[in-house]
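S.K.: What follows is the residue order along each chain.
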Amino acid sequence: AQSVTQLGSHVSVSEGALVLLRCNYSSSVPPYLFWYVQYPNQGLQLLLKYTSAATLVKGINGFEAEFKKSETSFHLTKPSAHMSDAAEYFCAVSARDDKIIFGKGTRLHILP
Amino acid sequence: DAGVIQSPRHEVTEMGQEVTLRCKPISGHNSLFWYRQTMMRGLELLIYFNNNVPIDDSGMPEDRFSAKMPNASFSTLKIQPSEPRDSAVYFCASSSPGYGNQPQHFGDGTRLSIL
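First to last, the protein sequences are chains Y and L.
Per this note's numbering: the first sequence ends with 201, consecutive numbering throughout.
Per this note's numbering: the second sequence ends with 112, consecutive numbering throughout.
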């Protein structure tokens, strides 16, 4: 069975500081992994995805994530936070079928 | 390109009434998903269709909920009778053919309030 665990339901960083959102996955097969972002009153939008090509994946809005098989991790980072990054972020895993299993989400707060 | 379109965006109704939520997936996508999001339970998958056929409805909470996909461009989620605990944001998502490597594209959701 597939699952993801997001560490920290709320994360606060100062504007301009590094953003690090943690995600660990469990999968019985080589996984496909995703990060989504949800802004208020909107649906989830894809930030980036890992599908067994390069382990460092670059996404939109300056975000990137690194797949580390030995650590079963897929942490999301951005070098410098912007106020517009305040949102909820979801890590997700697919087991090579149509279903995607989502984590519980991490709400990112940006401090001025 | 048009994204996933959901209607209505907001619905307020009284307990016991029938509620119908509608979704138009992205053209060419063959998988469609219905989710429910609440503060307490987070994002829950209710049901998903592949090529208009329901594949997994294990997330449908009870018999009051039903979903249909009569064709590739339309799906409905119906609640009858509605209860206050059904209040949530309901999302529809669709994805193109693949082996799990295709992302899901979400609509903006229907915010449902049952009084």
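Hints were generated in silico from the structure; no laboratory data involved.
Watch out, some of these pointers could steer you wrong.
What the hints assert, rightly or not - With a straight-line cut-off of 25 Å between C-alpha atoms, the simulated DSS-like cross-links for lysine-lysine are:
#1 147(Y) - 65(L)
#2 188(Y) - 75(L)
#3 147(Y) - 21(L)
#4 193(Y) - 157(Y)
#5 188(Y) - 157(Y)
#6 158(Y) - 193(Y)
#7 138(Y) - 188(Y)
#8 188(Y) - 158(Y)
#9 138(Y) - 157(Y)
S.K.: Are the hints correct? Go through all of them and say.
M.R.: Hints, verified against the model:
1. A hinted pair counts as satisfied when its Cα atoms are at most 25 Å apart, and residue 147(Y) with residue 65(L) does not qualify at roughly 37 Å.
2. Under the criterion of a C-alpha separation no larger than 25 Å, the hint pairing residue 188(Y) with residue 75(L) is consistent with the structure, at around 22 Å.
3. Restraint check: the Cα-Cα separation between residue 147(Y) and residue 21(L) comes to about 30 Å, which exceeds 25 Å; the hinted pair is violated.
4. For a cut-off of 25 Å, the pair hint linking residue 193(Y) to residue 157(Y) stands: about 21 Å separates their Cα positions.
5. The suggested pairing of residue 188(Y) with residue 157(Y) holds, with an alpha-carbon distance near 22 Å, which does not exceed 25 Å.
6. Note on residue 158(Y) and residue 193(Y): the hinted pairing holds, with a Cα-Cα distance of about 21 Å set against a maximum of 25 Å.
7. Straight-line distance between C-alpha atoms of residue 138(Y) and residue 188(Y) comes to about 15 Å, which keeps the hinted pair within the 25 Å bound.
8. Proximity of residue 188(Y) to residue 158(Y) is assessed by CA-CA distance (about 21 Å); at most 25 Å being required, the pair is judged to hold.
9. Between residue 138(Y) and residue 157(Y) the CA atoms are separated by roughly 14 Å; this keeps the pair inside 25 Å, and the hint holds.
Figure legend: structure checked against the earlier numbered hints; hints not met, in rising order: 1, 3.
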